[in-house]
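Top line first, the protein sequences correspond to chains A and B.
FYI, in this note's numbering the residues of the first sequence are 1 to 376.
FYI, in this note's numbering the residues of the second sequence are 1 to 376.
To be clear, the hints were calculated from the coordinates, so they are not data collected in a lab.
One or more of the hints may lead you astray.
Said to hold, decoys possible - Quick partial rundown of chain B residues pointing at chain A, CB under 10 Å, derived from the structure:
{"#": "1", "residue": "72"}
{"#": "2", "residue": "87"}
{"#": "3", "residue": "279"}
{"#": "4", "residue": "311"}
{"#": "5", "residue": "320"}
{"#": "6", "residue": "323"}
{"#": "7", "residue": "338"}
Yeah, the Cβ is synthetic: ideal placement off N, Cα and C, and Gly gets one too.
Protein chains: 2
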Amino acid sequence: MSKSDYFKFELLKVSKKSKARAGLLHTPHGVIKTPVFMPVGTNSAVKMLTNHHLKETNAQIILSNSYHLFLHPGHKLIEEVGGLHKWINWDKPILTDSGGFQVFSLAHLRKITEDGVKFREPKTGDEHYINPEISMEIQQALGPDIAMAFDECSPYPCSYEQAKEAMERTHRWLERCYKAHTKDNQALFPIVQGAFYEDLRKESANVISSYDAVGYAIGGVSVGEPIDVKNHFTDFVTDYLPENKPRYLMGVGTPEDLLDVVKRGIDMCDCVLPTRNARHGSFFTQYGKKIIKNKEFEKDLLPLDTECDCYACKNHSKAYIRHLYRMGEANAAILLSIHNIRYLVRLSEIIHESILNDSFEEFFNERYDNYLKKTR
Amino acid sequence: MSKSDYFKFELLKVSKKSKARAGLLHTPHGVIKTPVFMPVGTNSAVKMLTNHHLKETNAQIILSNSYHLFLHPGHKLIEEVGGLHKWINWDKPILTDSGGFQVFSLAHLRKITEDGVKFREPKTGDEHYINPEISMEIQQALGPDIAMAFDECSPYPCSYEQAKEAMERTHRWLERCYKAHTKDNQALFPIVQGAFYEDLRKESANVISSYDAVGYAIGGVSVGEPIDVKNHFTDFVTDYLPENKPRYLMGVGTPEDLLDVVKRGIDMCDCVLPTRNARHGSFFTQYGKKIIKNKEFEKDLLPLDTECDCYACKNHSKAYIRHLYRMGEANAAILLSIHNIRYLVRLSEIIHESILNDSFEEFFNERYDNYLKKTR
Chain A
1 MSKSDYFKFE LLKVSKKSKA RAGLLHTPHG VIKTPVFMPV GTNSAVKMLT NHHLKETNAQ
61 IILSNSYHLF LHPGHKLIEE VGGLHKWINW DKPILTDSGG FQVFSLAHLR KITEDGVKFR
121 EPKTGDEHYI NPEISMEIQQ ALGPDIAMAF DECSPYPCSY EQAKEAMERT HRWLERCYKA
181 HTKDNQALFP IVQGAFYEDL RKESANVISS YDAVGYAIGG VSVGEPIDVK NHFTDFVTDY
241 LPENKPRYLM GVGTPEDLLD VVKRGIDMCD CVLPTRNARH GSFFTQYGKK IIKNKEFEKD
301 LLPLDTECDC YACKNHSKAY IRHLYRMGEA NAAILLSIHN IRYLVRLSEI IHESILNDSF
361 EEFFNERYDN YLKKTR
Chain B
1 MSKSDYFKFE LLKVSKKSKA RAGLLHTPHG VIKTPVFMPV GTNSAVKMLT NHHLKETNAQ
61 IILSNSYHLF LHPGHKLIEE VGGLHKWINW DKPILTDSGG FQVFSLAHLR KITEDGVKFR
121 EPKTGDEHYI NPEISMEIQQ ALGPDIAMAF DECSPYPCSY EQAKEAMERT HRWLERCYKA
181 HTKDNQALFP IVQGAFYEDL RKESANVISS YDAVGYAIGG VSVGEPIDVK NHFTDFVTDY
241 LPENKPRYLM GVGTPEDLLD VVKRGIDMCD CVLPTRNARH GSFFTQYGKK IIKNKEFEKD
301 LLPLDTECDC YACKNHSKAY IRHLYRMGEA NAAILLSIHN IRYLVRLSEI IHESILNDSF
361 EEFFNERYDN YLKKTR
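So that you can see chain A by itself, here it is in the shape it has in the complex (with noise of 0.2 Å):
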C-alpha cells in the first residue's frame, strides 16, 4: 500500500470570481469536505466539549498536539493503548501539529542548533530534546491522519537574515522529515516558512512543492501581524501551491479570518480562538462576536445566534448564559464552547455549499458587511 491508497484530494470546484475552492480530502477515517475548519484538542480533548457534543457539531477533523503529548501522557503511553483515535475515543480524523510552532512559542530557554532543539517545559522545569526524527517518531506514535513537518517558525516581526536562516533550516529539517517518515497511512505536510518576505515565501513554497505531499500547509501566520499583512500573504503563497493539493493555514482563525483565507485559496485552518474566546465569555454571531456577560443580554430570550443550530442555540437563552457565566459556572464556557465551534463549523459547510452553487463570494460580501456594520 502506497499513499495514494490512503489518501485523495478531489477539487471539486474553483470559483471563478475568486481563489476560492471547494474540495473532498480523504483520509483513512473518512472524508473532509473543504474548506474544513479544524477544532484544536491541545491535550487530546477540545476543551470543554464531550466527544458527543463535539461530534454534534459536525466537526470533521480534530487537531491535536505533538508537543503536549510527547510531555504528557507521552507518545509512547498513547502508542501502547493503540494510538491518538483510541485514545481519545475518536473515529474521524485528527491532524497532528510537529511540535515544531509550541517548542518556539510556549517553553523555555530553548537552544536551536542544526540538529534540533533543546528546550525546558515550563511547569517542571525538565530538559527536553526534539529534531525532525523524533517529531515523525512522536507523531507516527500517535498515529493521526495527517502528520506535520517539524519546522522553525519566524516570530513577527523578524529580520530577513533570521527569517531567512529558520526558512532554510525548514527546508533542510523536511528533507530529515520526509527520511524519517515511513507510515503509509499517515499524511506528512510540509510548511512554507519565510516570515513576510515574498522572495523567501516564494522560494520556500517551491521547494516545498517539489514534495509529493498529500498536502501542503503555510505556517508563521497569525502570529500578531496586521490582518492586511496575513491576507496579503495568504493570497501570495497559495499562487505558488499546488492547484491539485489542499492547502493548509495554520493557527487561523476567526469567522472573518475563515471568509478571508478561502477567498485567497485556502482549504483547511484551526484555531483555539471558539473555546478560547468561549471561556473568556465571548461568542460568535452573524453580526460579530459579541460579549455574553453585556447587560443587553439579562432579558434576551433569544439564542445566541438566531440562525445557529447548535446545542446550545437549541436549547438556551442569552439571558440563561448570561446568568450563568455571571455565576462563574463552567456551563456557560461549555454552552458557548459548542457554539464557538459548531459556528466555525458551520461556517464552513456553508462555505463549502456556496462555492458549489456559485454564491461564495455573494455570501462573503452579505457577512462581511454584517461584521463591519456591527463590531468593527
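Go by the hints and put chain B onto chain A.
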C-alpha cells in the same frame, strides 16, 4: 384543583428486614421512583453537565437554590420568562429549597428576628431580607414542583436552648409559610428541626406531621455530626413521620449515606458532593471513592467503574481522564461529574428495585463490605 390532583405518593413496598421503602411520587412534571437521589443545580444548572448529559444520567428530579436565584438573576426575571422549568429548559420535576439553609450557612452579618433574617450577600455586600412570606413568594415565582418551608437550621454542635429556640421559630415560620403558600400545583414540604436532641426531634416531627403535606423533610442533618449520630437521628425521626408520605433527608449524601438512610426509612435525598468531588478529581466506585490523579491509574484502560453505564464509563478510560485532570482540562471534571451523578442515580435505581424484590439488605451488606474493604 387541589394538591391531591397534582401529587400522590404510592408506597409500593416496605422491606420486612429494615425500614427501607420503595415508592412512586407523582408530580406535575412526572413520576419519581423512590428512593431517589436528586442532583443539585445551585445556580439553575447542575455544575459541568449540559442538560443532554444530565438527562442521560436518568436524573429524575433536580434541586435548585432559592437563595442563589433570589440574588441572581432574581426570581422575578425567572417568573417573567415562564418559571424555572423554562429558564433551565428542564421538563422533569424540580425541587427548590427555601433559602433558609443558605442564609444561615453562606450569608454574612445575618440578623435573625422573629419576623425573618436580614443578611448581606458576601460578594457584593448588598443587604437583603428573607422571611417565610418572601421565601414562599420566591418559590411560587420560580414554580418548582416541590417547595420547602423556610426554616432555621441549627449548627453542630449547638446547645439545647439554641436548638429549641430554632425549632420553635421553625414551627412558627411553618405556620406562616402555609398561610403564604397558595399554589396548588406546587407541594410544600415542612422540615423537622431540633438538632441532635431526641425530645426536640420527636416534638418537631409531631408538629410538622400535623400538617397535611405531600412530603416531609428532615433538616439540620449532615452539618458536621458523626455518621453514627446522623444515622441514629435519621432512624429516630422517621419513626415519627407519616408512613404514607415521602421523607426527604436534606443535604445527604455519599453512596454510603444513601444506603444508610434508605435503610432507616428515607425516600429522597440530595447532595452537592458528586459534582464537588468530581471537580476535585475524585469519583465513586463500587469499592469506594477513588482519586483520579493517583499514579495507579496512569495506564489503566478500564472505565472509572466497571459496572457503571454512564457516558464517561462507556467512552473513556481512567488513564485518559487522569491525563485530562492532570493537564487541568475541565473535560476531566465534566466526565467525572457525569459519572458521579450517574453513579448515585443508578445506585438509587438499584436500591428501588432491590427493595421491590426483597434483596435490599443483601445488596446493602455486599456493597458496604466493598466500601469498608477498600476505603475506610
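ask   = Quick check: which numbered hints come out false for this structure?
value = none
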